[in-house]
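Chains as they are written, first to last, in this note's numbering: chain P, 1 to 266; chain L, 1 to 294.
Bear in mind the hints are in silico, worked out from the structure with no lab data behind them.
On a predicted model such as this, the values are computed, not experimentally measured, just so you know.
For glycine and all other residues, C-beta sits at the position ideal for the given N, C-alpha and C.
Where hints are given, some of them may not hold.
[Stated by the list, open to error] Here are a few chain P residues that face chain L, going by a calculated C-beta distance under 10 Å:
#	residue
1	Val-98
2	Leu-118
3	Leu-209
[What the hints assert, rightly or not] Pair by pair, the computed Cβ-Cβ distance ranges are:
#	chain 1	residue 1	chain 2	residue 2	range
4	P	Gly-95	L	Leu-214	30 to 40 Å
5	L	Leu-116	P	Ser-100	25 to 35 Å
6	L	Glu-186	P	Asp-164	19 to 29 Å
7	L	Asp-202	P	Trp-41	44 to 54 Å
8	L	Thr-56	P	Ser-54	53 to 63 Å
9	P	Pro-218	L	Pro-49	17 to 27 Å
10	P	Ala-252	L	Glu-186	45 to 55 Å
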Amino acid sequence: MSRRRPVFLLSVLAFGYAFLYVPLLSVIFYSFNDSRLATVWGGFSTRWYGQLFSNEEVLQSAWLSLRIAVMSATMATILGTMVALALTRFGRFRGRTVLSGMVTSPLVMPEVITGLSLLLLFVSLQQLTGWPGQRGLSTITIAHTTFSLAYVTVIVQSRLRAMDTTLEEAAMDLGGSPLRVVFDITLPLIAPAMVAGWLLAFTLSLDDLVIASFVSGPGGSTLPMLIFSKVKLGVTPDINALATLIIVIVSAGVGLAWWFGRQRST
Amino acid sequence: MQTTADTRWQKVTVVLPYLWLLLFFLAPFLIVFQISFSDPVIGQPPFTPTIDEQGTWLATLDNYRFLLTDKLYGLSYFKSVVTAAIATFFCLLLGFPMAYAIARSGPKYRNLLLLLIILPFWISFLLRVYAWMGLMNTYGVINNALLWLGVIDQPLQMMYTDFAVYVGLVYSYLPFMILPVYATLERLDEDLIEAAMDLGADSWLAFRDITWPLARPGVIAGCLLVFIPAIGEYVIPYLLGGPESLMIGRVLFDEFFVNRDWPLASAVAIVLLLLLVVPIMFLQRNRGADEART
Numbered sequence: 001m002s003r004r005r006p007v008f009l010l011s012v013l014a015f016g017y018a019f020l021y022v023p024l025l026s027v028i029f030y031s032f033n034d035s036r037l038a039t040v041w042g043g044f045s046t047r048w049y050g051q052l053f054s055n056e057e058v059l060q061s062a063w064l065s066l067r068i069a070v071m072s073a074t075m076a077t078i079l080g081t082m083v084a085l086a087l088t089r090f091g092r093f094r095g096r097t098v099l100s101g102m103v104t105s106p107l108v109m110p111e112v113i114t115g116l117s118l119l120l121l122f123v124s125l126q127q128l129t130g131w132p133g134q135r136g137l138s139t140i141t142i143a144h145t146t147f148s149l150a151y152v153t154v155i156v157q158s159r160l161r162a163m164d165t166t167l168e169e170a171a172m173d174l175g176g177s178p179l180r181v182v183f184d185i186t187l188p189l190i191a192p193a194m195v196a197g198w199l200l201a202f203t204l205s206l207d208d209l210v211i212a213s214f215v216s217g218p219g220g221s222t223l224p225m226l227i228f229s230k231v232k233l234g235v236t237p238d239i240n241a242l243a244t245l246i247i248v249i250v251s252a253g254v255g256l257a258w259w260f261g262r263q264r265s266t
Numbered sequence: 001m002q003t004t005a006d007t008r009w010q011k012v013t014v015v016l017p018y019l020w021l022l023l024f025f026l027a028p029f030l031i032v033f034q035i036s037f038s039d040p041v042i043g044q045p046p047f048t049p050t051i052d053e054q055g056t057w058l059a060t061l062d063n064y065r066f067l068l069t070d071k072l073y074g075l076s077y078f079k080s081v082v083t084a085a086i087a088t089f090f091c092l093l094l095g096f097p098m099a100y101a102i103a104r105s106g107p108k109y110r111n112l113l114l115l116l117i118i119l120p121f122w123i124s125f126l127l128r129v130y131a132w133m134g135l136m137n138t139y140g141v142i143n144n145a146l147l148w149l150g151v152i153d154q155p156l157q158m159m160y161t162d163f164a165v166y167v168g169l170v171y172s173y174l175p176f177m178i179l180p181v182y183a184t185l186e187r188l189d190e191d192l193i194e195a196a197m198d199l200g201a202d203s204w205l206a207f208r209d210i211t212w213p214l215a216r217p218g219v220i221a222g223c224l225l226v227f228i229p230a231i232g233e234y235v236i237p238y239l240l241g242g243p244e245s246l247m248i249g250r251v252l253f254d255e256f257f258v259n260r261d262w263p264l265a266s267a268v269a270i271v272l273l274l275l276l277v278v279p280i281m282f283l284q285r286n287r288g289a290d291e292a293r294t
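This is chain P alone, in the form it adopts within the complex:
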């Protein structure tokens, strides 16, 4: 009995990882296929990469996506850290339950509902105040900030909870004002969690299709929106090239982070 189980577990693991990675490997493989048909091998070629980099539309939407991701991740990190501090360090205050409810709800809200409701808000605001006149960069950034704020809060909050408060108390006892204690002690200690939160918010923003589709206007196409409109028509080889680039960049980034983390811990 005890000998059969490891075999079962190992085969499940092998199947599971194959399930996760075979699609990605096949995309990488076919990105170097010269043939226009995705599954007929027409020889090795890098022409889809060339086509990708000369496509003005792709570059423009990638640039828009990057700007939105940087801005919304930064705003979400600032606001999310504020909420996490308020919920873990300020004790009881009026509206605490409402705040924690509002901040965690976006985590489980279906994207179609979040997208629809934000668009209707922007339309109503425009009627009342004239702002936002044009939907695009600013409205997508606001939408992304709102939903990734929740993720930052959860990450920073769990770090704050796990953290020993003795350092902060010692600093207070030595006469540090609460404001100085936060800036000199607490923030440096939670910086790794803030970085993790920022990175997660950044990727969530780069990845989002549904919410961006709702709150963007004509001319404001993010990279996922462009990919979606291409993919809808079927399998296109230049998307293989784009996917390969993203897979390589992400794997390298995650691999490096893991390697550095291991160096530090040993």
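On the provided structure of chain P, position chain L as indicated by the hints.
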């Protein structure tokens, strides 16, 4: 030692995100709720006000009545729940043994194995769905391989079927199942299982009476984390599913962008939200209990 600067700063820390969430999270839902009671019109914005200048109440329940009378909507809600439930079941079927195997593997490999679970999650969701399109096409990788091996002599129709939707959902949401289950299994005390075995339990009995009950919070959290977003899923049924795979997320999207019926789309959203209230409350309670324990 609280100075006025300190309390002022604390106020800003609370008030700023509070205002942000009131404006960009709570207010939008109230607007959706309000618009779900108006009539669609052609114009900008394409719906009637629910209150006119004289303050008369013009709200109508027509949208909700329509949702009830047209069979399409009831069927879509039902189909969404069933599809999400089946996808959750398969995520658990594959995810539980994987989480178990990772939790039982040597500490040297554990982090690497976990990293390999999370890595695909960082790669664009859309591109991962697209990768499956290349595999499951009529002349895609899987069919070519099976034809070449002589297993089949006609390509299988995999794309644009419910099967493809399940594959896409399980693929996309698998990490959400594995991570919480792993978190509970990792904390599980190996001594308990050994003790049970010493007392004569076989490994099945030890699993049923010890591992499974102790892993249950993780299993519940994992199931809800897969089930809740899967119900409202739009991209996967759109790209992989057939024209008949009308999940409610897709119906809402089409109602809004294709038919431009904003009030009806709002009503669809409100009903979907009502459908999700129970599982979301379960998740919050589960999470609350988990936090209380640690």
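Evaluate the given range 53 to 63 Å for the C-beta pair formed by Thr-56(L) and Ser-54(P). 60 Å, holds
Does the beta carbon distance between Pro-218(P) and Pro-49(L) stay inside 17 to 27 Å, or does it fall outside? 26 Å, holds
Okay, Gly-95(P) versus Leu-214(L) on CB: inside 30 to 40 Å? Holds, since Gly-95(P) and Leu-214(L) (Cβ atoms, about 37 Å apart) stay within the stated range.
A range of 25 to 35 Å was offered for this pair. Does it hold for the Cβ distance of Leu-116(L) and Ser-100(P)? Holds - the Cβ-Cβ distance for Leu-116(L) and Ser-100(P), about 33 Å, lies within 25 to 35 Å.
Taking the CB of Asp-202(L) and the CB of Trp-41(P), does the distance hold inside 44 to 54 Å? Roughly 51 Å apart at Cβ, these two residues keep to the hinted range, so it holds.
Interface hint compliance - Val-98(P) to chain L, C-beta minimum distance less than 10 Å: Holds. Min distance 8 Å.
With 19 to 29 Å as the target window, see if Glu-186(L) and Asp-164(P) comply at their CB atoms. Hint holds: Cβ distance 22 Å, inside 19 to 29 Å.
Verdict for Ala-252(P), Glu-186(L) (Cβ pair) under range 45 to 55 Å: 28 Å, violated
Taking 10 Å as the limit, does the beta-carbon of Leu-209(P) come near enough to a beta-carbon in chain L? OK, holds: Leu-209(P) within 10 Å of chain L, min 6 Å.
Using 10 Å as the Cβ threshold, decide whether Leu-118(P) counts as touching chain L. 5 Å, holds
Consistency note: the structure conflicts with earlier hint 10 alone.
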